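**Student:** Sequence:
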Amino acid sequence: MTTTSPRLRRRQRASHAGYTLIEIMVVLAIIAVLLGAGIYNMVGVLDIAREQRAASDIAGFESSLTQYQINSRGVYPTTGQGLAALVSAPTAPPLPRKWAQCMTQINDDPWGNPYKYAYPPTHNRSKPDIYSMGPDGKDGTADDIKNW
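As numbered in our numbering, residues 1 to 148 make up the sequence shown, in order.
Since the hints were made in silico from the structure, they are not lab data.
Don't take every hint at face value.
Stated by the list, open to error - Distance condition first, Cα-Cα at most 20 angstroms in a straight line; then the derived SDA-like pairs of lysine to any residue:
#, residue 1, residue 2
1, K138, I70
2, K116, K127
3, K138, W148
4, K116, Q69
5, K146, K98
6, K127, Y40
7, K98, S64
8, K138, Q69
9, K146, A84
10, K116, E51
11, K146, T122
12, K127, L95
13, K98, R73
14, K146, R73
15, K127, I30
16, K127, W111
Said to hold, decoys possible - Estimated spans, in silico, between C-beta atoms of each pair:
#, residue 1, residue 2, range
17, S126, G60, 13 to 23 angstroms
18, L34, I70, 28 to 38 angstroms
19, L35, N71, 46 to 56 angstroms
20, K138, I30, 39 to 49 angstroms
Computed from a predicted model, the values in this text were never measured in an experiment.
Ideal placement from N, C-alpha and C gives every residue a C-beta, glycine not left out.
Throw the hints in and build the complete structure from the sequences for me.
**Tutor:** Listed below in structure tokens is the structure:
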């Protein structure tokens, strides 16, 4: 019969012990830092996606406005008629000679603001001005997304 000394038993128990609280806290801190960095980078990607969606929406409006102009024999909707003239026939003059629905609905920009429309334009020469006020929702700032 072999007996082991208490000292040897403690060593054996220590070698089978789990992680210490400090080791667990260090691992959790590292995970938190990595998650924070990932979320920070993801926010930038979402901002870029919103800007690209707004630019794509504006290009779609331009295409629909060209179709409207062709259908109405050279006339764009006025500023007062706005982009809504692509969805339903204008009731205020100048009325197009021939109207056809070019879009089913006009969505807001990715930040929840309506797109801005102007014709006659102040920035473009022959086509309407269309723009989004961008992330800050303020007109005339550097983050506006526009077709000029």
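**Student:** Are the hints correct? Go through all of them and say.
**Tutor:** Hints and how they fare:
1. Of the supplied pair hints, the one linking K138 and I70 is violated, its CA atoms being roughly 33 angstroms apart against a limit of 20 angstroms.
2. Proximity of K116 to K127 is assessed by CA-CA distance (about 14 angstroms); at most 20 angstroms being required, the pair is judged to hold.
3. A distance of roughly 18 angstroms separates the Cα atoms of K138 and W148; the hinted pair therefore holds under the 20 angstroms criterion.
4. Taking the CA atoms of K116 and Q69, the gap is about 18 angstroms. The hint holds against a cut of 20 angstroms.
5. Only pairs whose Cα atoms come within 20 angstroms are accepted, and K146 paired with K98 is rejected, the gap being roughly 29 angstroms.
6. Between K127 and Y40 the alpha-carbon distance is near 39 angstroms, which puts this suggested pair outside the 20 angstroms criterion.
7. Between K98 and S64 the CA atoms are separated by roughly 15 angstroms; this keeps the pair inside 20 angstroms, and the hint holds.
8. A distance of roughly 30 angstroms separates the Cα atoms of K138 and Q69; the hinted pair therefore is violated under the 20 angstroms criterion.
9. Taking the CA atoms of K146 and A84, the gap is near 18 angstroms; set against the 20 angstroms cutoff, the hint holds.
10. The hinted pair formed by K116 and E51 meets the criterion: a straight-line CA distance of about 15 angstroms does not exceed 20 angstroms.
11. Taking the CA atoms of K146 and T122, the gap is about 12 angstroms. The hint holds against a cut of 20 angstroms.
12. For the hint linking K127 to L95, the alpha-carbon distance of about 18 angstroms falls within 20 angstroms, and the restraint holds.
13. Between K98 and R73 the alpha-carbon distance is near 8 angstroms, which keeps this suggested pair within the 20 angstroms criterion.
14. Of the supplied pair hints, the one linking K146 and R73 is violated, its CA atoms being roughly 26 angstroms apart against a limit of 20 angstroms.
15. At most 20 angstroms may separate the alpha-carbon atoms for a hinted pair to count; K127 and I30 exceed this at roughly 54 angstroms.
16. Note on K127 and W111: the hinted pairing is violated, with a Cα-Cα distance of about 25 angstroms set against a maximum of 20 angstroms.
17. S126 and G60 have their C-beta atoms about 19 angstroms apart, which keeps the hinted 13 to 23 angstroms range intact.
18. About 54 angstroms separates the C-beta atoms of L34 and I70, a value inconsistent with the hinted range of 28 to 38 angstroms.
19. Remark: the range hint 46 to 56 angstroms for L35 to N71 is upheld by a beta-carbon distance near 53 angstroms.
20. Between K138 and I30, the C-beta spacing of about 40 angstroms keeps the proposed range 39 to 49 angstroms intact.
Violated hints, listed in ascending order, are 1, 5, 6, 8, 14, 15, 16 and 18; each of the other numbered hints is respected by the structure.
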